[in-house]
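Asks: Remember, my numbering sits 9 above the position in the sequence shown when you count from 1.
One or more of the hints may lead you astray.
[As the list claims (entries may be wrong)] In silico BS3-like pairs for lysine-lysine, Cα to Cα no more than 30 Å straight-line:
hint	residue 1	residue 2
1	Lys301	Lys291
2	Lys209	Lys136
3	Lys209	Lys171
4	Lys219	Lys109
[To be verified] Here are the computed distance ranges between Cβ atoms for each label pair:
hint	residue 1	residue 2	range
5	Thr170	Pro297	17 to 23 Å
6	Arg129	Trp91	52 to 58 Å
7	Gly307	Gly281	35 to 41 Å
8	Ala333	Arg304	15 to 21 Å
Simulated from the structure, these hints should not be mistaken for lab results. The beta carbon of each residue, even a glycine, is placed where N, CA and C say it ideally should be.
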Amino acid sequence: MHGISRWSTVVALGATAVVCAAGLSSTAVAYGPGDGQGSTTGPSGNTDGKGTISATAGEVIFNRDNNGHGQSTGRVTSASNWTPPACYYAPMYTPEQFQKAREPVWNAGSTGNGWDVSQRDRFVNGKPYKDFNKDKTGKGYFWGSYVSEGRAGEPGALDCTKDYFWVDTGAAPPADIAEAITPKMLADLAYAEIRVPSTKVTLAPAGATKVNLPTWAWLDAAQFKPVSVTASVPILNVEATTVAEPVSLRIEPGTADAQVYPASGVCTFVNGRIGEPYAAGKSKQTPPCGVKYLRSSGDGTYPLRATITWKIHWTGTGVNNPQALPDGEFGAEQAVVVQEIQAVNR
């Protein structure tokens, strides 16, 4: 399932238009015509290699080749109150396509005469567009709103409520439309696609954890490495790559009757690894990453929670230096049995 138009269901249109290979603007980011090809996964809009476009060529497509894979992976959530956008504005129609899409809606009369009249004024009668902007055929697109794939049920999916608007080929979208496609917007959309491994930690010594004995905790270094997703709109020749790198592990033992190592409970990555594997003879040493339970879990367990923090940044069209995005987090709980040390009676 691809991105969904917020304004209407995109119908199959027989008409296509030729993209004019106009020169790029002199702005920092040039929005030029692309070839619609490239290393992507699941493109939702495309060209035929000769410059003609489908009605949904403006949809964002994602390359997830370097993302986390498998059933144990999960989506990072922002460590702050920021949320990646769920909708965006991008090219949707040429003038001819737009006319074919809108006139049947107006003629049906189901949207009310007042609304239909206002729409004709806006797009036909020159307030501000005349005759669907046909005099600019091949020189730009009407942009509309899309909902990102798989995010239609989120509250943010309803935020893109602006009517269709025109953007010339090579020009940046209006600065006052925050959700319009830019490299930064693509980076934000890619953030929501990042998937990272489960954070189940290895605990040792083996078997049930013992009261007052340090338990060593570490992560499999092979599983935790940078991941990335690239988002692009080929018809605009613009893209951004968002990269997430693991930086720390936070341990929450699930009870106040415990002591964590280090005292902050946050273990940092050192040489690509968090924590240190337990080895025989270390049972009384202080682990670089771990926990010591001070009370038995009785007939139950303690819900130890391990959360990885991922440092996230992006680069993109016209932006070569990495730009920071909010840190992401992904965690999981695991049940820990804690037993008293059994005294030996002689």
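Asks: Work down the list of hints and note, for each, if the structure agrees.
Replies: Hint check results:
Proposed proximity of Lys301 and Lys291 is supported: the alpha carbons are some 14 Å apart, at most 30 Å. Pair hint Lys209 plus Lys136 does not hold up; C-alpha atoms about 59 Å apart against a cutoff of 30 Å. Of the supplied pair hints, the one linking Lys209 and Lys171 is violated, its CA atoms being roughly 44 Å apart against a limit of 30 Å. Between the alpha carbons of Lys219 and Lys109 the distance comes to roughly 72 Å, so the proposed pair goes past 30 Å and is violated.
One distance hint, 17 to 23 Å for the beta-carbon pair Thr170 and Pro297, is violated here, with the actual separation near 52 Å. Separation of Arg129 from Trp91 is about 40 Å and departs from the stated range, judged on CB atoms against 52 to 58 Å. About 38 Å separates the C-beta atoms of Gly307 and Gly281, a value consistent with the hinted range of 35 to 41 Å. At about 41 Å, the beta-carbon gap between Ala333 and Arg304 misses the expected band of 15 to 21 Å.
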